[in-house]
Structure formats: structure tokens, C-alpha cells
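Enquirer: Listed below, chain by chain, are the residues.
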Amino acid sequence: MRGRSRASALVEFTFLAPILMLFFLGLVGLGVEVWTQLGLVAVAQEAAHAAAVAPNDAAAVDQGTTRGYQVGSGYRLGNGSLHVSVDASQFGPGGRVSAVATYHLSRTEIPLLGGFDLPLQQQHVEVVSQFRSFPGTQPQGAAP
Amino acid sequence: MNVTVFVLLLPFMFGLLGLSVDGGQMLVTQRHIQGVAEGAARAGAEQLDKDAARINPTAPAPLDPNLAWNAAANYIAAQPPGLSATINADSAQISVEVTSSAVPAVFLPAIGYKTPIHVRATAVAEPRTGIVSAAP
Chain Z
359 MRGRSRASAL
369 VEFTFLAPIL
379 MLFFLGLVGL
389 GVEVWTQLGL
399 VAVAQEAAHA
409 AAVAPNDAAA
419 VDQGTTRGYQ
429 VGSGYRLGNG
439 SLHVSVDASQ
449 FGPGGRVSAV
459 ATYHLSRTEI
469 PLLGGFDLPL
479 QQQHVEVVSQ
489 FRSFPGTQPQ
499 GAAP
Chain S
6 MNVTVFVLLL
16 PFMFGLLGLS
26 VDGGQMLVTQ
36 RHIQGVAEGA
46 ARAGAEQLDK
56 DAARINPTAP
66 APLDPNLAWN
76 AAANYIAAQP
86 PGLSATINAD
96 SAQISVEVTS
106 SAVPAVFLPA
116 IGYKTPIHVR
126 ATAVAEPRTG
136 IVSAAP
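Keeping their order, the protein sequence lines are chains Z and S. Residue numbering for the first sequence is 359 to 502, as defined by the working numbering. Residue numbering for the second sequence is 6 to 141, as defined by the working numbering.
Some hints could be false.
So the derived label-pair ranges between C-beta atoms look like this [said to hold, decoys possible]:
#, chain 1, residue 1, chain 2, residue 2, range
1, S, Ala82, Z, Phe382, 41 to 47 Å
2, S, Lys119, Z, Gly452, 27 to 33 Å
3, S, Asp56, Z, Ala417, 33 to 39 Å
4, Z, Gly452, S, Ala107, 28 to 34 Å
5, S, Pro62, Z, Val386, 24 to 30 Å
6, S, Pro121, Z, Gly473, 45 to 51 Å
7, Z, Gly384, S, Ser138, 49 to 55 Å
Treat the hints as calculated values from the structure; they're not laboratory data. Quick reminder that beta carbons are idealized off the backbone N, C-alpha and C, glycines included.
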């Protein structure tokens, strides 16, 4: 009688174990997705901020992109799909710069994804300060 | 026995899953709009009252509340759409409260919670003048 009960429990566990495993893998996957989104928020904000304090528009793109990848590295967004793009076309006193961070979560990070990629994206716009100095430019009203 | 326990635990497991999905989305939104609120407050705190500073150059320069309000509002308007804000500025400081659009919830509506969820973030900034060197 006792042996039969044990056997029954084993059969039940055999059926339930995959469901439980799927549930916990799903929870871990959700955690990874949230962590990645938080990382992308930080990447976009830091990239835009670094671009907004650059001396000119070309340097804004360089500084913003570099800073974005640095922050991404800190958040371990390291499967090679992190892309940071900085738009500095409206760079200037009182202007704005925009940074977009994209990342594709793959099955190496979330096994449940199988062969699919999960594309994630965050954007941030930073306003360039109106009163900061811009090295190499002549202040308004200054003698030549 | 195992199946009975599993069935009893099922609502809690779904609740945990729901908390992970919807709570995670709220956390990401909160982090995003917190950065927006801080940036807006920082932009507003740069708008000093030049006339007051010229009249009394030795005193700390006060904020120009109207310019500060406009700068913060412009900062928020520059962001992707869906944010609303309450801005309060006086001559000493500016506070910005940003509210997100409704966070897309998946599990909470399924258990009957249909009220749209808006996430808020608050930031306060004040001007600092007369800084001649970085702190050691």
C-alpha cells in the first residue's frame, strides 16, 4: 500500500515537474526582460545627457554613443545586439539631442524564447543648456 | 496529493506571474519618467533671474519662476508623447511631477482590476551659483 502511494506521487510529480519548471523559467525570463529594459532606459538617458554636454554636434554623436555603450556594458547587455544611435541634428544652445537604445534579447539570455528574438527599445531626449559655453564658438555680441 | 497542492497553489502562482509582468512594466516606466522629471527640474533650475542678480550680485541668484516653468515644460514636451506634468516654480526652487500615460497591464485586468495605472515621479532642483571648483 505504501509502495503504491509512493509510485502515485512519483507519477504526479512527473506530470507536474515540467509545468513548474516552465513557470520558474518564465519568471526568470521576465526578470531578465525587466533588467534589460532598465538597462536600456539608463543607456538612452546617459547617452543623451553625454551628447548634450558635448562641445559640438559631431562630438555629441561620438560622446553620446560611447557613453551609451559604456553604460550598456555595465548592465551586461553583452550579446552584441546593443545599438545606440544619437541624433544631434538640433544640437546648439537651447536645442535638443535624442538617443535611442535598442537591444535584442535572444535565447542565450531567455531559453524560453527558442529561436525568436525579443526586440526592446528605449528613447530619451535631452535639452542642450542655453547658457553653457561652447568651446570654439564666438559668444553673441563679442568683438571679432 | 501533489496535484491537489498544485491546484491550490495555482492562484498564487498566477498572482506572482502577474506581479512580475505588470510590476516590471511599472518599474521600467517609473525609471524612465524619473529621469525625465530630474532632467526637467535641472533645466528649470538653470533659469536664473538676471535682473535680480545684477541688482544684488553678492546674494545667491534667484530663479525666474516663469522662465524656469517654461524650460521644464519644454523639456517634457521634447520627450516622446504620453507624459503629463505638474510644475511649480518659485524664486528658490522648482519641483516637477511627471505622470505617465496608462501603463499597459496584462494580468491585473484579468483579475478584475481595470483602473488604468499611471506612474508618477517627482524631482526638485534649486540653483547653485558661485561654484569655483569641484569638491575634493
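Enquirer: Could you run down the list of hints and mark each one as holding or not?
Expert: Hints versus structure:
Between Ala82(S) and Phe382(Z) the beta carbons are some 44 Å apart, a value that agrees with the proposed interval 41 to 47 Å. As the Cβ distance of Lys119(S) to Gly452(Z) is approximately 43 Å, the hint placing it in 27 to 33 Å is violated. Here the CB-CB span from Asp56(S) to Ala417(Z) is close to 34 Å, well matched to the stated 33 to 39 Å. The given range of 28 to 34 Å is respected by Gly452(Z) and Ala107(S), whose C-beta atoms sit roughly 32 Å from each other.
Between Pro62(S) and Val386(Z) the Cβ separation comes to about 60 Å, which falls outside the hinted range of 24 to 30 Å. Taken as a hint, the range 45 to 51 Å is violated for the pair Pro121(S) and Gly473(Z), whose Cβ atoms sit roughly 35 Å apart. Gly384(Z) and Ser138(S) have their C-beta atoms about 53 Å apart, which keeps the hinted 49 to 55 Å range intact.
The structure is inconsistent with the numbered hints 2, 5 and 6, although it conforms to all the rest.
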